[in-house]
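Participant: This is what each chain is made of:
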Amino acid sequence: MSALIVSVGLFCTGLYAVLTRRDLIAILVGVEIMMAGALLLLVMVGASAANGASVHAVGLLILILAASEAAVGLALLVAAARRLSTTRVDEMTEVKG
Amino acid sequence: MSDVVFWSLAACAAIGALTAVLTRDVMRLALGLGLVLLATAGFFALFGFGFLALAEVFVYAGGVLVLVLFAIMLVHRAEPGMPSLSSSHSSLVFGACLGLFAFLVSYLRPLATSLSPSSGGGVDALGTVLLGEMLLPFELAGLLLLAALVAVVSVMGGDRR
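So the sequence lines, in the order shown, correspond to chains A and B. Take 1 as the starting number for the first sequence in the numbering used here and just add one per residue. Take 1001 as the starting number for the second sequence in the numbering used here and just add one per residue.
Because the hints were derived from the structure by calculation, they are not lab data. Some hints here could point you the wrong way.
What the hints assert, rightly or not - If you want the ones that stay clear, here's a sample from chain A, every Cβ over 10 Å from chain B, calculated: (1) Ile64; (2) Thr93; (3) Glu94.
What the hints assert, rightly or not - Distance ranges between label pairs, derived from CB positions: (4) B:Gly1127 / A:Leu84: 41 to 49 Å; (5) B:Leu1098 / A:Ser2: 33 to 41 Å; (6) A:Ser85 / B:Leu1022: 22 to 30 Å; (7) A:Glu91 / B:Val1123: 45 to 53 Å; (8) B:Leu1069 / A:Val89: 18 to 26 Å; (9) A:Leu76 / B:Leu1108: 42 to 50 Å; (10) A:Val72 / B:Ala1096: 42 to 50 Å; (11) B:Met1156 / A:Met92: 13 to 21 Å; (12) A:Thr86 / B:Arg1028: 45 to 53 Å; (13) A:Val89 / B:Ala1102: 23 to 31 Å; (14) B:Val1123 / A:Thr93: 47 to 55 Å; (15) B:Gly1127 / A:Ser85: 42 to 50 Å.
We treat Cβ as the ideally placed atom computed from N, Cα and C, and that holds for glycine.
Whole structure, please, built from the sequences with the hints as guidance.
Facilitator: Following this line, the structure appears as structure tokens:
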């Protein structure tokens, strides 16, 4: 039960950061915290499974997914900052390419 | 002993996450993220997933965190003495997140009945699973990494065209 509270708490804290922060980098950090919470929940629940190796493998694949997301997100952040000279989401009002 | 380690890691994760939510200093934000990621790796090790803990430290604390620091150095030009990160805390969003927390805890409670540290299978069993029944997801993960690499090069090199 305590493990569930920790992982869901991490997920909800990350969600709060995503919804209230106004800077792109802080929003990305919030998404990373959400990912960490979800991965933690998967591993903690899977720890009691009979086939621990499958849980291990799925956790590793999710880690790869989250790392790819972080790399692409940070590249988009740097590109947006170069083009618009800001990282604040409320100043990014144009959607023209 | 296990309980003491668990709650110490939980306290580290909570401090890191709250720092990431509340701080106005961008470097403390990165340090908060690092604390959360290291605490997560500690949880993995505590629950018997040693290789995953090591991968978390190498990939996240060693890779993604350094990428975040590079991104901060590339884009953040804060005036000296001024807080560089702003946020709009609202009680509505806080209430919604609290409600989601209560819902998820009550909904997922049946899964949490038998939580206990396990062996995690060991590295040899992990290799057998990755190159056996999970070969297709494993290959697709490699394809995803290649696609992410091409996307990053394309996005960052887009200004030169």
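Participant: Out of the numbered hints, which ones does the structure contradict?
Facilitator: Violated hints: 1, 5, 9, 10, 12; rest satisfied.
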